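Novice: Going by the working numbering, 173 is the number at position 173 of the sequence shown; the sequence numbering is gapless.
It should be emphasised that the hints constitute simulated quantities derived from the structure, not laboratory data.
Fair warning: this is a prediction, and the values are worked out from it, not measured in the lab.
Some hints here could point you the wrong way.
Simulated crosslink set (DSBU-like; lysine-lysine; CA at most 35 Å straight-line) [as the list claims (entries may be wrong)]: (1) Lys87 / Lys204; (2) Lys72 / Lys165; (3) Lys176 / Lys55; (4) Lys72 / Lys109; (5) Lys67 / Lys13; (6) Lys72 / Lys87; (7) Lys172 / Lys204; (8) Lys97 / Lys72; (9) Lys176 / Lys12; (10) Lys104 / Lys211; (11) Lys67 / Lys12; (12) Lys12 / Lys87; (13) Lys109 / Lys97; (14) Lys55 / Lys109; (15) Lys13 / Lys202; (16) Lys109 / Lys67; (17) Lys97 / Lys204; (18) Lys215 / Lys180; (19) Lys72 / Lys12; (20) Lys55 / Lys67.
Now the in silico label distances, taken between C-beta atoms and shown as ranges [what the hints assert, rightly or not]: (21) Asn76 / Cys205: 47 to 57 Å; (22) Ile175 / Gln51: 37 to 47 Å; (23) Gly101 / Ile139: 19 to 29 Å; (24) Tyr22 / Ile79: 16 to 26 Å; (25) Leu199 / Gly128: 20 to 30 Å; (26) Asn94 / Ile175: 24 to 34 Å; (27) Met116 / Arg201: 47 to 57 Å; (28) Lys176 / Asn21: 14 to 24 Å.
Using N, Cα and C, we set each Cβ at its ideal position, and we do this for glycine too.
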Amino acid sequence: MPVKLRAFFMTKKQRYTFFINYFLEHAPNAETELLYDNPFQLLVAVILSAQCTDKRVNITTPAIFAKYPDAKAMSNAIIDDIFTLIKSISYPNNKAKHLAGMSKMLMEKYNGNVPMTVSELIELPGVGRKTANVVTSVIDNQPNMAVDTHVFRVSARLGLTTLAKTPEACEKQLIKNIPKELVYKAHHWLILHGRYICLARKPKCEVCGLKQICKFYVLI
């Protein structure tokens, strides 16, 4: 059987084993590319990163963190002032309101501290399940899988997920098959692979080390 066709006949267990072993060897210390010094800063950065690149967020956040280093400072901010600092980010109007509201709620309910459960985080303005999963997995290494477009695309192409039509369905399949202690790392493996190798329009298959399990590669 041609090597290229073997990917179609691999079991899901074989795919996950290859995927995990590959990244444990080649990217054992993968981590977020967002720059932050504490949980509050990470939460702000992740909120800003929605439909925006990490590169742009990292250019923008130093000025924000200098003026609003914690929830207390940002909770007293005027929304227009936050907007001025983040206007180069996508959807700055909504995000400025979210950051102000999020900070106020952190002060009112958590004494300015960022809670570390998904259920608590998603109650904060501007925080959805994906953002909550990122914060808890990055800060606390919790086995939570944030599914963005990169994770959704790469997991489907590699055959790690099957007929997953929504981020939630994708998340459930990945969590089910990845060892609990590696979920927080696998989140970064999938995102970074999608960001730099398995691109949406022109994937760099020639330099990809996962061709052996890739269903998409078989078809091109």
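Novice: Hint by hint, which ones does this structure get wrong, listed from lowest number up?
Specialist: Violated hints (numbers, rising): 2, 5, 10, 11, 12, 17, 19, 22, 24 and 27; every other hint is consistent with the structure.
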